[in-house]
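K.L.:
Chains as they are written, first to last, in numbering that gives the first Met the number 0: chain H, 0 to 483; chain S, 0 to 69.
These aren't lab readings, by the way, just hints derived from the structure by calculation. Heads up, the beta-carbon is just placed ideally off N, CA and C, and yes, glycines get one too. Possibly wrong hints are sitting among the right ones.
[Unchecked claim] Reference listing, derived: stretches of chain H covered by chain S, where coverage requires no fewer than 3 residues with Cβ under 8 angstroms from a Cβ of chain S:
#, segment
1, 79-86
2, 153-166
3, 235-243
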Amino acid sequence: MTSISLWIILGWLILSTVVGVMAGVKRKFSMEEWFVGQRGFGLILFYVVAAAEIYSAFAFLGLAGWAYKFGAPIFYAPMYNVLAYTLFFFIGPLIWRYGKAHGYVTQPDFFIHRYQSPSLGVVVAIIGFLFTIPYLQLQIMGTGMIIQLSSGGAINWQAAVIVSSLASIIFVTVSGLRGIAWTNLLQAILMLVTMFAVGILVPQKFFGGVGQMFQRLAEVSPQHLILPGKSGTMGLGWYTSTTLMSALGFWMWPHLFLTTYSAKNTQIIRRNAVILPLFALALIPVIIVGYTCFLVAPGLKEPDHAMLITLTRFFPPWMAGLVGAGGTAAAISTSSALTLSACTLFARNIYQRGMNPKANDDQAARLARWLVPVVTAAAVALTFLRPKMLVALLLLGYSGITQFFPGVIFGLFWKRVTKAGVYAGMIAGIATLLLINYGLKASSPYGLFFGFWGLLVNLAVCLLVTLCTSPPPKEALDRFYAAK
Amino acid sequence: MNPNMRIAILLAIINFLGAIWPVTFWVNRIRPFVFGLPFFLFWTFIWMLVCFLNLVFCYLLIERKGGERP
Chain H
0 MTSISLWIIL
10 GWLILSTVVG
20 VMAGVKRKFS
30 MEEWFVGQRG
40 FGLILFYVVA
50 AAEIYSAFAF
60 LGLAGWAYKF
70 GAPIFYAPMY
80 NVLAYTLFFF
90 IGPLIWRYGK
100 AHGYVTQPDF
110 FIHRYQSPSL
120 GVVVAIIGFL
130 FTIPYLQLQI
140 MGTGMIIQLS
150 SGGAINWQAA
160 VIVSSLASII
170 FVTVSGLRGI
180 AWTNLLQAIL
190 MLVTMFAVGI
200 LVPQKFFGGV
210 GQMFQRLAEV
220 SPQHLILPGK
230 SGTMGLGWYT
240 STTLMSALGF
250 WMWPHLFLTT
260 YSAKNTQIIR
270 RNAVILPLFA
280 LALIPVIIVG
290 YTCFLVAPGL
300 KEPDHAMLIT
310 LTRFFPPWMA
320 GLVGAGGTAA
330 AISTSSALTL
340 SACTLFARNI
350 YQRGMNPKAN
360 DDQAARLARW
370 LVPVVTAAAV
380 ALTFLRPKML
390 VALLLLGYSG
400 ITQFFPGVIF
410 GLFWKRVTKA
420 GVYAGMIAGI
430 ATLLLINYGL
440 KASSPYGLFF
450 GFWGLLVNLA
460 VCLLVTLCTS
470 PPPKEALDRF
480 YAAK
Chain S
0 MNPNMRIAIL
10 LAIINFLGAI
20 WPVTFWVNRI
30 RPFVFGLPFF
40 LFWTFIWMLV
50 CFLNLVFCYL
60 LIERKGGERP
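So that you can see chain H by itself, here it is in the shape it has in the complex:
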C-alpha cells in the first residue's frame, strides 16, 4: 500500500536529477557560470531559485512540528519572512550592483574588497562555512525523515538520506547554480500545491473546516493560540527578538548572497522582493495542519513527525506520497544550494584567497566542484552521529550567520566603519551566542533569543571599536562606492 507513496517520491527524485543535469550539461564550465549562473537569471528563474532555497524541510516538518508542540510562537516564521523581503527590497539591489561591478562571486568577496582585508574574507568564509553545516544537516535529516515516514517505514531514514544526497550531488556537480535553479522550478510548484492542499484537506476531513478546527482547539488548548505558547516560555520578548533577528539575519546567509548575484538586473531583484511574500503565505496552511494533528494525534514523541504520521495514518497513500515528494523537494532544493555555497566559500575564499593566492578562478571553480561530494558526505556523516530537533538546528545556524549583519549593512551604508570594528564586533557576537548557548545552559537573559544578544553585543562592539580606530583610507572607499 505504501509502495505507491514511495514510487511517487522516488520518481520525483529521478525527475529532479534529470532536469538539474540537463540544465547545465551543455554549458561551458566557468566560475561565473557554476557559482552564479552568469548573472543572467530572469524574474521567474530567480523567483523559484530563491523561494525553493528559502523554503526548506523546515517549512514542512519544522513548522507543523512547532505548531503541534508550542503553538503560536511559530507565527514568527511567516512573519519574519515577509520582513526579510522588505529588507531585501532595499539592500538586494546594492548587494547585486557592487557584486556585478567588482566581480564578486561569494559573500566574503564583498568583505575583502569593502574592508580591504583578505584575512577578514577568510574569517567570514570560515564562519559562513561552519554555520552552514547545521542548516545543511537539518535538510538532510528532513529528507530522511520525510521519506521514512511517508513510505510507512519501508525505507529507513539512513538509506533515504544516502539516496537523496546522491541525487543532489549529481546535479550540483554537473550544473552548479543553474542546475539548482531548474530543479527548483519543479520543487517550488510542487511545494505550493502540497502546502495549500494539505492545509485545506486535513482540517476538512477531521473537523469539517478550518474554522471548526480552531473552535475546538480554543476549547481544548487555548495556550496554543497565543503567546507565550504551550510551553509558556516564548513570550512577547522572545517573539519580537526572534522575528527581528531572523528578518535582519536572513540575507546574510552566504547561499542567499550567491543567489542575489545570479539576478540579471536590479529590477529583477526588486520585483522578486515584492512577490516573494506571496510564497510565504503558503506557510500558514502548514501551521494549520500542525494544529489539526495536535487535536487528532496528541502525545507524539517527535512533533516534527506529526504531519506525516497523520497523513499516512488517515489518508490514501498517494497523498502521503505527494506530501512526501513535496517535503523532499523542499529539503533537497535547499540542501543543494547550501552545499554549493559551502563549497564555493571553501574553494574561493579559504583556498584561493587564503591558502594559495596563485590559483586562478578556473582552478578554484574546479576545486569547488570536487568538494560537492566531500561536503555532502561530511554533512551526512554528522547527521548520522548527532541528530537534533529541526528548529533548534535552524536557530543555531541563523544566530551565527546574523553576526555578519553589521559588516554587510554598515559596509553598504556607512563609510566610516572600520575593518577593526567589523572584526571585533563579529567575534564578540559569536562569543556571546556560544556562551549563552553552551556556557550558561540556563535560559537566555530576559527571555530574548540568544542570537539576538549576540547581535546586540556585536553592534555595540563594532560601533565602539570603529570610533576608536582611524577612518579607512579614502581611495579604496571611493573605488568601492564608485559602482553606485
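Given chain H, work out where chain S should sit, using these hints.
P.N.:
Same frame as chain H, but now just chain S:
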C-alpha cells in the same frame, strides 16, 4: 535622497512595526475569530498581506517614478 525613496523607507518601517512589540501585545489574543482564524493568527495573515501591498507601493514609487535605474 529623493522623496519617493523616503516614502518607501517609511512604508518599510511600518511593515516592521506591525510585527513586533508593542503591536504584538495588543493583537496577542484568541477572540474575536475572523474568517475562522483565532485573532493572533488572523493578524499575522493580514499583516503579511499589508506588507505585500506596501512593497507593491514601494516598487511603484522607486521603479516607475524614480526614473532611470539600471
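K.L.:
Next, verify each hint and record whether it holds.
P.N.:
Consistency of the hints with the structure:
Counting residues of the segment 79-86 of chain H whose C-beta lies closer than 8 angstroms to any C-beta of chain S gives 6; at least three are required, and the coverage claim holds. Here the segment 153-166 of chain H counts 0 residues with a CB under 8 angstroms from a CB of chain S, which misses the bar of 3, and the coverage is violated. Note: the segment 235-243 of chain H has 6 residues with beta-carbon separation from chain S under 8 angstroms; the three-residue rule is met and the coverage holds.
Violated hint for the displayed structure: number 2, the only one.
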